[in-house]
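Listed below are the residues making up each chain.
There are 2 protein chains.
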Amino acid sequence: MNLNRIHAGFLVAVILAVLGTTTVFCADDPLASWNDGTAKKAIIQFVTDVTAKGGPKYVDPEARIATFDNDGTLWCEQPMYFQLAFALDRVKAMAPQHPEWKAKEPFQSLLTGNLKAALAGGEKSIGEIVAVSHSGITTDQFAKDVLDWTNTAQHPRFKRPYTQCIYKPMVDLLAYLRANGFKTYIVSGGGVDFMRPWAEKAYGIPPEQVVGSSGKTEFQMLNGKPVLMKLPAIDFIDDKAGKPVAINRFIGRRPILAFGNSDGDQQMLEWTAAGSGPSLMLLVHHDDDVREYAYDRKSPIGALDKAWDEAVQRGWIMVSMKNDFKQIFP
Amino acid sequence: MNLNRIHAGFLVAVILAVLGTTTVFCADDPLASWNDGTAKKAIIQFVTDVTAKGGPKYVDPEARIATFDNDGTLWCEQPMYFQLAFALDRVKAMAPQHPEWKAKEPFQSLLTGNLKAALAGGEKSIGEIVAVSHSGITTDQFAKDVLDWTNTAQHPRFKRPYTQCIYKPMVDLLAYLRANGFKTYIVSGGGVDFMRPWAEKAYGIPPEQVVGSSGKTEFQMLNGKPVLMKLPAIDFIDDKAGKPVAINRFIGRRPILAFGNSDGDQQMLEWTAAGSGPSLMLLVHHDDDVREYAYDRKSPIGALDKAWDEAVQRGWIMVSMKNDFKQIFP
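Protein chains in written order, with the numbering used here: chain A, 1 to 330; chain B, 1 to 330.
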């Protein structure tokens with residue numbers, strides 16, 4: 001060992017770090033939770049390309065926008081969307097104040113433990129459950145209630161908090177992108193007020209970088225204090241063709257990397273692919289029923305059908321949970 | 001001069017800079033375009049307080065959110081909102097493709113140069129003018145058109161591009177706040193698609209930190225390429241009680257500093273003041289008809305009436321353009 005060389009290397013590392021130069025991981029693999037394969041290789045190649053100053057694919061840091069779907073992409077979405085589990089728990093907790101629910105569907109079935117019957121009404125039933133459980137409350141109180149729930153509720157199969165049912169390889173990817181100057185966003189069909197309270201701790205994504213569906217809110221004076229009251233009315237559904245609309249509305253820049261897992265993400269990936277510079281489009285394929293779940297074309301939740309066909313046709317990266325994820329949960 | 005002391009001082013400065021320590025301006029006054037007075041003093045005191053680590057009013061950098069109205073706060077809004085001037089110019093340019101406008105108000109009056117008659121229909125007329133001039137075009141093309149307009153159109157009185165009719169003291173304030181770890185946002189009644197193309201160059205505020213009113217957009221395939229088409233329908237009006245709603249929707253954090261100039265900003269300031277920590281609320285008072293304009297309680301544009309009363313009552317800072325602004329435009 002030549003101490004002088006070590007010393008010089010240390011100095012160079014310190015200088016690079018303090019100058020804020022793009023951090024490229026060498027000694028440690030930043031995607032250690034990913035198996036070596038096409039997906040991992042494509043990600044690293046893309047990040048290397050867009051951060052290579054002077055290179056033909058270089059992208060300025062402020063344009064390095066990466067958008068991620070949440071349900072089924074960053075965290076699990078089975079056996080039901082976690083937000084629906086939250087809504088169901090909330091309805092149960094609210095039931096003592098609503099004796100009329102004992103004779104009213106879908107609440108009656110839900111409260112007697114017949115979940116299947118409660119949800120048999122499809123979107124209408126789910127809409128009613130979400131409406132009553134996500135309104136008549138201030139945004140501040142709702143955020144507190146969401147956090148309380150994430151601290152107590154458990155996933156029925158994995159027996160861990162829902163916020164621990166996030167995918168370690170995706171969390172590592174988010175960190176890797178940020179270390180390379182990317183701004184990482186969630187663009188999800190899930191409710192923005194539901195995701196923001198825990199997204200920063202779980203993913204390192206701050207509230208202002210969480211885009212989602214929303215209910216209407218109203219500015220009101222409550223005991224002389226201004227509050228935002230959540231109303232039982234939908235404001236915006238951030239899914240399918242709504243995703244590019246929301247990206248334009250909230251971010252105002254086109255992503256250069258978009259990651260989804262279902263047909264709900266197809267338009268977001270198309271919008272990203274239509275940019276004038278380099279871009280990378282990826283889809284998580286749920287093909288691991290041992291460690292997680294296996295579902296795709298025919299699934300009632302998170303169907304991956306048309307987007308899969310388009311991915312094959314256009315060379316978007318299909319990420320196999322079975323083969324590409326060395327580890328699933330943290 | 002002691003060269004060793006200079007050398008040591010230089011080293012300390014370099015170390016502070018590279019470590020990203022809060023930059024406090026000493027030698028140069030970061031608010032040199034402000035006259036010394038109550039407003040400047042209050043701003044510097046507030047910034048000093050919330051950045052004093054360990055102090056009783058310290059605020060973490062990620063919570064240092066500052067929201068600014070645009071029209072009348074960051075740039076001039078007389079003799080008409082600049083976006084309306086843009087819309088009028090656009091209608092004139094579009095007229096050859098719309099022969100039917102020759103017999104249809106408000107276009108007929110507008111095209112014959114009778115602006116007063118064209119706008120006599122009030123909000124309805126303005127709505128029609130904005131609708132035709134802000135729709136039937138992709139978001140990408142619209143952004144280009146806005147930029148073209150800002151590069152050619154001139155303010156009728158100041159004979160300079162509209163984007164040079166921004167207030168130098170406010171631009172300096174934005175920079176001063178950012179240098180102290182604040183994230184600066186526009187929260188304006190103006191259209192988000194109208195502001196984003198030039199806001200970064202004018203104010204240093206990137207697209208994703210511009211919140212505004214919006215029209216509906218639709219994801220469409222145009223010649224096989226995905227576009228967002230602007231529709232002639234209002235999506236959201238970011239004014240009055242809409243401002244706290246938008247702040248919650250887009251930012252998801254409560255500002256600790258809010259700056260407006262009219263009753264349209266009253267709720268934004270109330271929402272900011274209702275936070276649990278330190279906060280600073282400010283209003284620009286247009287009282288300088290020599291260098292800019294003088295208007296307040298009775299003005300059809302940018303009326304400052306109820307918000308003024310509340311400011312006096314609650315000790316919000318009134319900023320006099322005449323007395324507090326050493327300079328108006330850059």
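A portion of the hints provided could be inaccurate.
Pairs involving identical chains hold if they fit within one copy or between any two copies, as the list cannot separate such chains.
Said to hold, decoys possible - Cross-link-like lysine to aspartate or glutamate pairs, in silico, DMTMM-like; alpha carbons within 25 Å at most:
| # | residue 1 | residue 2 |
| --- | --- | --- |
| 1 | 144 | 62 |
| 2 | 168 | 60 |
| 3 | 201 | 309 |
| 4 | 102 | 29 |
| 5 | 240 | 208 |
Hint data in this document are derived by calculation from the structure and do not stem from the laboratory.
Going down the list of hints, with the structure as the test:
In this assembly of identical chains, the alpha carbons of residue 144 and residue 62 lie at most 25 Å apart only when taken from different copies (19 Å versus 33 Å within one copy). Proximity of residue 168 and residue 60 under a CA criterion of 25 Å is satisfied in neither setting, with 28 Å inside one chain copy and 28 Å between copies. For the identical chains of this complex, residue 201 and residue 309 are neighbours neither inside a copy (35 Å) nor across copies (42 Å), given an alpha-carbon limit of 25 Å. In this homomeric assembly, residue 102 and residue 29 never come within 25 Å of each other (Cα to Cα): the closest approach is 55 Å inside a single copy and 68 Å across copies.
For the identical chains of this complex, residue 240 and residue 208 are neighbours both inside a copy (21 Å) and across copies (21 Å), given an alpha-carbon limit of 25 Å.
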